[in-house]
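**Q** Here is what each chain is made of, one letter per residue.
Protein chains: 2
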Amino acid sequence: MPSFQRICTAACLGGSCISLGFIIGRVSKKETNELPPRQSHAENVETVSACNPLSKAGPNLYSLFTLSAATPYRTSAESSVIPVQQPANAVQNMVKYGFPSTDNLRSYEDFMLSYDRRNRVPNWVLEHLTPEKVTVNEGIERSKMQFVEDESVHAFHRATNKDYKNSGYDRGHMAAAANHRQSHNAMAQTFTLSNIAPQVGQGFNRDAWNNLEKYVRALARKNKNVYVCTGPLFLPQYENGKLFVKYEVIGQNHVAVPTHFFKVVVVENTSGQLELQSYVMPNQALPLDTKVHHFLAPLDMIERAAGLNFFQNIPKGTFHKVNSPPPIKY
Amino acid sequence: MPSFQRICTAACLGGSCISLGFIIGRVSKKETNELPPRQSHAENVETVSACNPLSKAGPNLYSLFTLSAATPYRTSAESSVIPVQQPANAVQNMVKYGFPSTDNLRSYEDFMLSYDRRNRVPNWVLEHLTPEKVTVNEGIERSKMQFVEDESVHAFHRATNKDYKNSGYDRGHMAAAANHRQSHNAMAQTFTLSNIAPQVGQGFNRDAWNNLEKYVRALARKNKNVYVCTGPLFLPQYENGKLFVKYEVIGQNHVAVPTHFFKVVVVENTSGQLELQSYVMPNQALPLDTKVHHFLAPLDMIERAAGLNFFQNIPKGTFHKVNSPPPIKY
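So the protein sequences, as listed, match chains A and B. Heads up: the first sequence runs through residues 1120 to 1449, numbered per the working numbering. Heads up: the second sequence runs through residues 1120 to 1449, numbered per the working numbering.
If we strip away everything but chain A, and leave its shape as in the complex, we get (with noise of 0.2 angstroms):
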């Protein structure tokens, strides 16, 4: 089983080794077996597009699920319907093989993201890359951005600069700054902390992660269509025979630091043949060497660990590779 031993060797690198017992009895041998059934999760979607058959799977339906990132937090008496206004298509591209949940869902211009209000950061971020979109653009400056709050969300479940403020943990992007390369305002949501979740700096968001989101970025380039989904997760360690689940919570609105971060990656490549790759990476410094595909780990693991299911309307069987090693130079 060559990927859960990566997945091993990533969750143990830096020293603290993360229980992955409820994979163990469930890993098939092959990879290509790895992954689960593949069916969708998003009732929701299914049962509102009912609502408006004319409109199966058009912009409108995903625009009476998500908030637009500029929607501040309003009372039901002031809001009915409220206008997307990212590109008409943007949307349904990110979510044309599936919704990971609807919950708190928030549509950005260039991303869109389901936020977790008990532990402040995203369930996920979702992301369609092109070439075009990764491309750089000399006239938009990251170095400009600022991080700001997300005034779609209650202020009691709403992460603050503040919090960040000296805890110790960058403000971990979920979709890269440097993804979303077309508009100054495509990047610049990319800074709402919605789409942040505290990262440990050295050796892991300047570093391992960073090697991971340049990678994707690679793929992005050399490639028709890359689909990238992102998240925080929680994952328990033994202590005394027993297994917990343990995290830092930061700053006064206790902004959880998650254990671990996930990245399902789906690439299209220019003959339309699609390939899967996940990964998971301990939120730790890591030796400045490791090779991205040392954090390749099987999709079923990251899905019952997040309480996720990834890219739902891929049937099984599809991919022609599954969490196949990069090329030696990631």
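Fair warning: there could be bad hints in the mix.
Copies of one chain are not kept apart here, so a pair can be met inside one copy or by any two copies together.
[As the list claims (entries may be wrong)] The list that follows gives simulated cross-link-like pairs (lysine-lysine, DSS-like), each with its CA atoms no further than 27 angstroms apart:
hint, residue 1, residue 2
1, Lys1361, Lys1284
2, Lys1281, Lys1365
3, Lys1252, Lys1410
4, Lys1252, Lys1343
5, Lys1361, Lys1281
6, Lys1284, Lys1365
7, Lys1440, Lys1252
Hints were generated in silico from the structure; no laboratory data involved.
Chain A is already provided as a structure; the job is to place chain B on it using the hints.
**A** Frame of chain A; chain B shown alone:
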């Protein structure tokens, strides 16, 4: 700040003093001022209602959001509109004062819930109680009922009886079985594992928590309507000057053992006056003589910790009583 002292007392009972740091700065001095802004957080509900203007708040609206209990997990190809099998007004009555959240909703004959797929326990369970519903019905025998898996949840995220077996924890009801005596089916559905969370048995589920449930039924017997929202909390503790959330997970599916449970109760008396009572209890053996009023806790503390908003359709200042101690008997 009497209510804050109470919650500290509650949290410290049993020797495990839980940090409530993020509450301290925000608890108002007067109980009547402790309520947060009364705002709706049910964005999805509002936006979907616009999809069907003829049914602004009718049963069709809610049927779009909820799966009935008997609906097995199915693929997107199989699902369309899912019939809701409970009495037409049951869900409407439960959500009269608002939805706590709109993630993974399940509606049963006499209660509804939001399921936490990551933790395999409910996010919250909502009930509407009346004198009739809690009246003992001799024909319905609780002892004959069995705990069952929720087949509407994907197998990756479903709690099973095997997970609880030999764990040392009770299968604790969120919607109490004895609150639903109208029919065999209504009570039997409370034994679905989506309505269950691991609870300490002796001293908690069978004692202190049971006393709170009995007290709520006593309220239901004496008043016109009682609305109850119940669920788990995962509260942080200080360790070496930092705050950590730590909780056990049990079984192959890693069912989370909550550190605490909340119960938020809105009582409408026969004059139509509304009273709010909100409780937090640590999931541990508690002294047998502890009165329920020791566990009264500010609503905003629960809302922040749970990532939820409760009964948000009730305007601020409407309650004629907030967290007034119950009679000495309890």
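**Q** Hints first: check each against the structure and report whether it holds.
**A** Hints, one by one, checked against the model:
no.: 1; hint: Lys1361 / Lys1284; in the structure: between (34 angstroms within a copy, 14 angstroms between copies)
no.: 2; hint: Lys1281 / Lys1365; in the structure: both (23 angstroms within a copy, 24 angstroms between copies)
no.: 3; hint: Lys1252 / Lys1410; in the structure: within (25 angstroms within a copy, 61 angstroms between copies)
no.: 4; hint: Lys1252 / Lys1343; in the structure: within (11 angstroms within a copy, 59 angstroms between copies)
no.: 5; hint: Lys1361 / Lys1281; in the structure: between (35 angstroms within a copy, 16 angstroms between copies)
no.: 6; hint: Lys1284 / Lys1365; in the structure: both (22 angstroms within a copy, 23 angstroms between copies)
no.: 7; hint: Lys1440 / Lys1252; in the structure: within (24 angstroms within a copy, 56 angstroms between copies)
No hint from the list above goes unmet by this structure.
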